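Protein chains in written order, with the numbering used here: chain P, 1 to 568; chain U, 1001 to 1090.
To be clear, the hints were calculated from the coordinates, so they are not data collected in a lab. Hints are supplied without guarantee of correctness; some may be wrong.
[Said to hold, decoys possible] Here are some of the chain P residues that sit facing chain U, going by a computed Cβ distance under 10 Å:
{"no.": "1", "residue": "K6"}
{"no.": "2", "residue": "T7"}
{"no.": "3", "residue": "D11"}
{"no.": "4", "residue": "L16"}
{"no.": "5", "residue": "L74"}
{"no.": "6", "residue": "P76"}
{"no.": "7", "residue": "N94"}
{"no.": "8", "residue": "N102"}
{"no.": "9", "residue": "L152"}
{"no.": "10", "residue": "S179"}
{"no.": "11", "residue": "C181"}
{"no.": "12", "residue": "E342"}
{"no.": "13", "residue": "Q349"}
{"no.": "14", "residue": "I353"}
None of these values were measured; they are calculated from a predicted model. Just so it is clear, CB atoms sit at the ideal spot from N, CA and C, and this is done for glycine as well.
Next come the chains, spelled out residue by residue.
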Amino acid sequence: MSYGVKTYSDDGYINLHSDYSALVYAGEFGKTTDPVRPVYQGSYAISINDYLKDSKYDQGWLIQYQFLMETSYLVPFYRPTFNGQEVGIIDVVNEGSKWIVNVLFSGAASKFPRLFGFVPLTEKPGVTLAGNGVAVYDANEQLVFTGSERPLRIDDVLTVQHPTAIKTGGRGTCGRNGSACHINYTPDQSTTHTGVTTNTNSKIYHVVPSAYGGLAFSAEGTYNSSCGFLGLGTRKYAWGYRSWSSFRGTLTHPYGAVTHTTGWLGDFSGAMYQQVRGSCGVGGFLGALLGIVVAVFTGGVGLALLGGALAGFAVGSMVSATSPALKAYENDENFEKNSAYELLITDAQYYGIPSANGLDDGADYTAQVYEYSTSPLTFWEIQAVEIADSTVESSTTIYWNGVEVSAGTTVGEFVSSFTAANGDTYVKGDLEYHNTVADADSETITDRFRVARIGVGEEPAATSDVPANVTEVYAGVAAWKAGDFSPSTWWAVYGQTVPLSPSNTTVFIWYNGQLVYFDWLSGSSSIDTTSVTGSDGRTYYRGDGHPEDGNPYGNYGYYYLFYGVGRS
Amino acid sequence: MSYGLELDGFSFNYGTFSVVKIGTVVVGTTTVITKSAHPDITDWRVVFIPDGIRNPGDEEVRPAFGASSSALTTVAPSNVSPHKYLVLGR
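So that you can see chain P by itself, here it is in the shape it has in the complex (with noise of 0.2 Å):
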């Protein structure tokens, strides 16, 4: 360049030139419709339970964004909804001012990750400059950087790559009795790439995986029974099995690692069995009988299919096609598996984007209390050791629940907030406990501070029912039993009877030290009830249970079992 302006990072890269166009950040799509796990439906179809696509196909959920933006260029990013989620960008479609993109992911149905884009700023609309700071703009009179819209920020970036086979081991088989019978098609090849920045719940990633691919299998033979007057007979029967798993390449960041797997999560599955039996004689027939199933498979899969579960992702208003394309697979086959792509790492909260950690920005978390140091232990601790005045060493513990939830990791001193591996926060609250003990040449000081922890959607699936972009909290379940209601926050169910049952219960909820539902036994909720509208006009969703506090808790006549919570 001969004018202009340009500035280098601290590791020596470019980070801004006036020549090139910043990508900054444009906004979060919304989820529009409910996700999917579609299964071959037609005829000689054998069925496939949950069970069965969680344990035998693979099967993820798909689901479809929407975000709205007059922009030629976008690059989505997502955030996993829990540790170790799976998760695969399948298609990205622009018509307008409209992106929609379709995505796969593992876990729950309700834990969908969230989507963000991001676009050049030349091709941003409506940018505002702020009232003071930069603006750079490139010979072609482009806003190319200012400092009301912040660049991306690249945390790591690498190439990565899926594997070459997606299951190499033994998925066994089925046979002429096989009209409920299902290979195991689960994947048992990844590859691990490792980058240099620790995956953390408020990591968002930037990748489109290229392959995918099928398993499938099939079988189909002809046997005799004997039949007809003293078995003299002989009927002859043949039979035709097929199935197969649809996979797509997905990839996953475990929390507190710097790597990342590449892997296989599956689409579409479906399985079918057909038998057919001639008539009782001696000779026969079947040659017209056999490859029935075949017919069926390569003629009626997607009919069978796309005027049902997939209807929802028809956008009306589009011309483009914006359902995904769902494959079924005759042979094992593998696609892309020789293609790299980039993959690109930032973090949410840089951007300010709410809840980008999974705490809930409307929230006082150091309010939030819990039991701190009785059994279980409960806290977060701060030692230190001084002599002399002078500070030698000090360390950070944190317990939950009688668990050492910090175990195996450095807690610095002066940190206010600690996600752990499995992507719960921890927030340390104000002192509750302090203690000196001194002897002739040190100091022992001990510092307990009260803790809130946060489940991000993720304490077990089976049994939450708070959304995956719904924070979900628990705390303060000791300070109400011990009179203290104001830093609370939980769902309650309680009665007058035991066992608690949906006859003799209803609901009772704190949020941030706010009542914001209370059912005097009206009946209008239950321990079946997973969401209620509070006082305020939020929408309030019951977490996981926590027996330890209750199971039931008996109080003055009523019973008791605690829930984390979650609003949106």
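Guided by the hints, dock chain U onto chain P, whose structure is given.
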């Protein structure tokens, strides 16, 4: 910060990528970006964004990119699916 660029109290000293070139992948063609035309850029990446539904039934492939000491190339084979590309640099 003791040196560098600070904007509204925020130190702009982190790594980022700028958008060097954007375009649409054209089937069967190779796009070449000559590095010497961008002497300040030393780390190059190409991000391909699918443009429409990717149909596994079509056995399509995605575009790829390669780099030499003098140029960056995006390659779109005949069975490539529609994509846009962003050449990122820093």
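Right, here's what the structure says about each hint:
About 6 Å separates the beta-carbon of K6(P) from the nearest beta-carbon of chain U, less than 10 Å, and the hint is met. Hint on T7(P) holds. Least Cβ distance to chain U is approximately 5 Å, under the 10 Å limit. Because the beta carbon of D11(P) sits about 5 Å from the nearest beta carbon in chain U, less than 10 Å, this interface hint is met. With 10 Å as the threshold, the beta carbon of L16(P) comes within range of chain U, its nearest partner Cβ sitting at about 7 Å, so the hint holds.
Hint on L74(P) holds. Least Cβ distance to chain U is approximately 7 Å, under the 10 Å limit. Given hint, P76(P) at the interface with chain U, holds; its Cβ is 8 Å from that chain's nearest Cβ, closer than 10 Å. The closest approach between the C-beta of N94(P) and any C-beta of chain U is roughly 7 Å, which is under the 10 Å cut-off, so the hint is satisfied. Checking N102(P) against chain U: minimum C-beta separation of about 8 Å stays under 10 Å; hint holds.
With a least beta-carbon distance of about 5 Å to chain U, the hint placing L152(P) at the interface is held under the 10 Å criterion. For S179(P), the suggested interface contact is broken, since its CB lies about 28 Å from the closest CB of chain U, more than 10 Å. Contact between C181(P) and chain U, as hinted, is not supported at the beta carbon level, the nearest pair being about 25 Å apart and thus beyond 10 Å. Against a cut-off of 10 Å between C-beta atoms, the interface hint on E342(P) holds, since the closest Cβ of chain U lies about 5 Å away.
Annotation: interface hint on Q349(P) violated; nearest CB of chain U at approximately 13 Å, more than 10 Å. With a cut of 10 Å, the hint placing I353(P) at the interface with chain U is violated, because the nearest CB-to-CB distance is about 16 Å.
Of the numbered hints given earlier, the model fails hints 10, 11, 13 and 14; all others are met.
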